[in-house]
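*Asks:* Please construct the entire structure, taking both the sequences and the accompanying hints into account.
So the mapping is simple: this note's numbering equals the position in the sequence shown, first residue as 1, plus 3.
No lab work stands behind these hints: they were computed from the structure. Each hint should be verified, as a subset may be incorrect.
Simulated restraints, written as ranges between beta carbons of each label pair [to be verified]:
#1 T121 - G146: 19 to 27 Å
#2 R74 - L11: 31 to 39 Å
#3 E40 - T121: 20 to 28 Å
#4 Q153 - R29: 31 to 39 Å
Every residue gets a Cβ at the ideal spot worked out from N, C-alpha and C, and that includes glycine.
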Amino acid sequence: MRIRAARLDELPLLQDIERAAGRCFRDIGMPEIADDEPLPLAELADYRRAGLAWVATGQAGTPVAYLIADRVDGNLHVEQVSVHPDSAHRRIGRSLLDHLAAYATREGAPALTLTTFTEVPWNAPYYARCGFLPLDEAALAPGLREIREQEARHGLDRWPRVCMRRAL
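*Replies:* Spelled out as structure tokens, the structure:
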């Protein structure tokens, strides 16, 4: 597996990876998440242009997973990390997170942040194993607070969510 910047011609593949990865939400009673469409190509292109979109490639050099990030409150924020189910359980997601951590360290960011579902095994419990700690909602900085408000407007608060932080 190799991690590298996403290429423009690969952006449709990132959407396919996210759709495939999202299907497992249907099995745990979250069909709305499974059916949620990935970011549009134009938004993925913005992440790529900003230098904040990476892919993990398989043997053939094609993406099997991806991560996109934002700069939020002085940290690097994991906007999305998705691994195709055919490549799951191989530490690819963790490798992408570690890649982002190294990038953030070089930029001088003190931490990685993300928002996630608390009761989904491959969400908050997984991120905790990757070194992320939950943040108290009352103490959120403005950028994370805005992200949580956007998520609520999108209906994600139907299920328990949490902000998490991994110090670098």
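*Asks:* Each hint: holds or not?
*Replies:* Taking the hints in turn, this is what the structure says about them:
Between T121 and G146 the Cβ separation comes to about 20 Å, which falls inside the hinted range of 19 to 27 Å. Hint check: R74 to L11, Cβ distance near 21 Å, so the stated range 31 to 39 Å is violated. The supplied range of 20 to 28 Å is met by E40 and T121, whose beta-carbon atoms lie about 24 Å from each other. The beta-carbon spacing between Q153 and R29, approximately 24 Å, falls outside the hinted interval of 31 to 39 Å.
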